[in-house]
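Each chain is listed here by its residues.
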Amino acid sequence: MKNILIPTDFSIRSLSYVHNIVAQHPGEQVNIILMHALEMPDSLFDLMTYTRNSRHVELISSDFQDGCEIIRNKYSSAINQLKIEFFHGNTRAALRNFLLAQNIDLIIQPTDHEFNAPSKRSYDPEKLISKCNYPKMKIQLQKRKYVVDRSTISALLLATE
Amino acid sequence: MKIRTKILLLFAGLTISTILVMSGLVYYFANQHSFEDFYKRLEIRAYLTAKATLPYYESDSVIYNEIREEHLEKLPAEKEYFLKVAADGTVHKDEQLTLPNSFYEQVYRESKATYREGDRFYEGVLYKSKQGLYIVIVSAINQYSVEYLGWLRKILIICSVASSVILVGAGIFFSKYILKPIRHMMVQVKSISSRNLHLRLNVDDSGDEINDLAGTFNNMLDRLETAFETQNNFVSNASHELSTPLTAIIGEAELALNKERTQDKYIYSLKNILHEAGRLEHITKSLLHLAQTGFDGKKQEWGQIRSDELLFTVKNTIDKLHPGNQVEIDYSLFPEEEEKLVIPGNEQLLELALSNIVMNAVKYSNNEPVSIALAATEKKNIIIVKDQGIGIPPEDLPYIFSPFFRASNTGRFKGYGIGLPLAMNIIRMHKGDIIVNSRVNHGTEIRVELPL
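Chains as they are written, first to last, in the numbering used here: chain A, 48 to 208; chain B, 665 to 1116.
In case anyone wonders, no lab produced these hints; they're calculated from the structure. In this text the structure is predicted, and so the values were computed from the model without any measurement. We treat Cβ as the ideally placed atom computed from N, Cα and C, and that holds for glycine. Among these hints, one or two may not hold up.
Ranges of calculated distance between the beta carbons of each label pair, as one might list FRET restraints [said to hold, decoys possible]:
#: 1; chain 1: A; residue 1: THR158; chain 2: B; residue 2: ASN883; range: 43 to 51 Å
#: 2; chain 1: A; residue 1: GLY136; chain 2: B; residue 2: VAL867; range: 48 to 56 Å
#: 3; chain 1: B; residue 1: LEU1061; chain 2: A; residue 2: MET48; range: 41 to 49 Å
#: 4; chain 1: A; residue 1: GLU86; chain 2: B; residue 2: ALA694; range: 53 to 61 Å
#: 5; chain 1: A; residue 1: ASN144; chain 2: B; residue 2: VAL867; range: 41 to 49 Å
#: 6; chain 1: A; residue 1: GLY136; chain 2: B; residue 2: GLY1075; range: 57 to 65 Å
#: 7; chain 1: A; residue 1: GLN128; chain 2: B; residue 2: GLU973; range: 49 to 57 Å
#: 8; chain 1: B; residue 1: ASN1073; chain 2: A; residue 2: ALA140; range: 36 to 44 Å
#: 9; chain 1: A; residue 1: MET48; chain 2: B; residue 2: PHE838; range: 37 to 45 Å
#: 10; chain 1: A; residue 1: GLN156; chain 2: B; residue 2: PHE838; range: 54 to 62 Å
#: 11; chain 1: A; residue 1: SER123; chain 2: B; residue 2: ILE914; range: 48 to 56 Å
In the SDA-like style, the derived pairs of lysine to any residue whose C-alpha atoms are separated by at most 20 Å in a straight line are [what the hints assert, rightly or not]:
#: 12; chain 1: B; residue 1: LYS1044; chain 2: A; residue 2: GLY136
#: 13; chain 1: B; residue 1: LYS1043; chain 2: A; residue 2: ILE107
#: 14; chain 1: B; residue 1: LYS1043; chain 2: A; residue 2: ARG168
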């Protein structure tokens, strides 16, 4: 069973890569890990009170959660697990540790560099990912005519049109 | 009594009594301690006096007197008594002293004792000297601690009164603050009458009991509004829904009667009339059903519905009513497991709501393609109806669920502004939600969420 990592900015659009992944792994179950990268805080007090997840969970919009569940239900035979993980840090070593801990087999690299940071600490991990030597897969999504809203579930539909 | 007064009394009573008990204890212990302190001073004086007056050696007397004079200031109304104790234990009493016998006995037994008479304090010690056994009694008025305790009493009383005033003030604020959401809600509920039943109470996401209450109120208002509006709009609803097939029947009949025609033409006309009458019957049935359910919630036939079947039924209905439509069902998000698609609800009502939404999509897009997608999360089913029509202007968006409201760009289209409010009411009855996303001239996307 493959563990596949998708960097996400918690937009429904980033979930669309799952369609491609499932299409490229026919007859195989995969674990999908949606990774959101966060920088570590700079100030001492923030560092001391930094918690691993609880404060960042609110970045996940309910629409995104709905989207995850829809995808999970749609590909319930192809996807073994679909989970959201936060990656804290901005160094290559930290990312290497994270990938090792999550036992990642494949990293999805979006080619369209569309990243809307949902919080001040969020950043696009594209540079870090391109430097690490894990197997990577580039996926190009179809360009949309117009952007409705980053949190509409119908963004999921567009990918398969 | 109002809850506000109750809260105020409870809060003030609790805190003020705590403060009073505390001040009382402070006063009591301070009082107690000042006695002890004073007795200690008297005791030292008694021993010094005894040593100075009845010394072992004559030279000591001078030194002791010097110490007394130099280091001990005279206490107010200080008096000293020397009472000789006989060998058999009897005491030669002084007439000026009105001390109880138990005092002397205690001095004899424990070699010291204390006694208090108002502000005057007595300390007696047993002293053994060359001349024999003596009871030395020193008495004085405890002027300092009287003053000190007087001050303490004053301070405590002033503090208690001041803090009581502050606490009552805080209590008023506190009770106001606690009951603010309730009063707020009361104002909101009062503003809702039969004319503006679409108003709802504000519910934030703090999740407290007041919000639950507001939610319950809103739920009740939903039901009320549905019933009220179905009743109110039944006539206009009926005419709205019935007029189209009736017009078709009348037109067809008039056309057929226009002049003599062949048998085939009559059969064709009659078939058309029959088809339109069938439509009419369908609409009448659903309207009647709606009216019944709107009037009496108990008559609703609640059951488990497959939401995908619901979509197919809606598609069929649309095909019948609008032949040549381009409604497509989008399967791209269908879940694999069928049990995810079972929702509780009333099939006819949901069908009516959905077909209203889809018919709007068809109508306001001039028969452009309309897609209906179905997706399932763990807790709800989501139906997305997307068209490429004229869209809804953003300033009209908040009102599209109000009865008889029509968006400003719908002039070219026939309608009475009933379809969407009706759909909203039905979805609300199912505890679902309708979310509208729209861009003028690009299309509208309506998301219907129905809980599992």
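Contradicted hints - numbers only:
2, 7, 8, 9, 12 and 14
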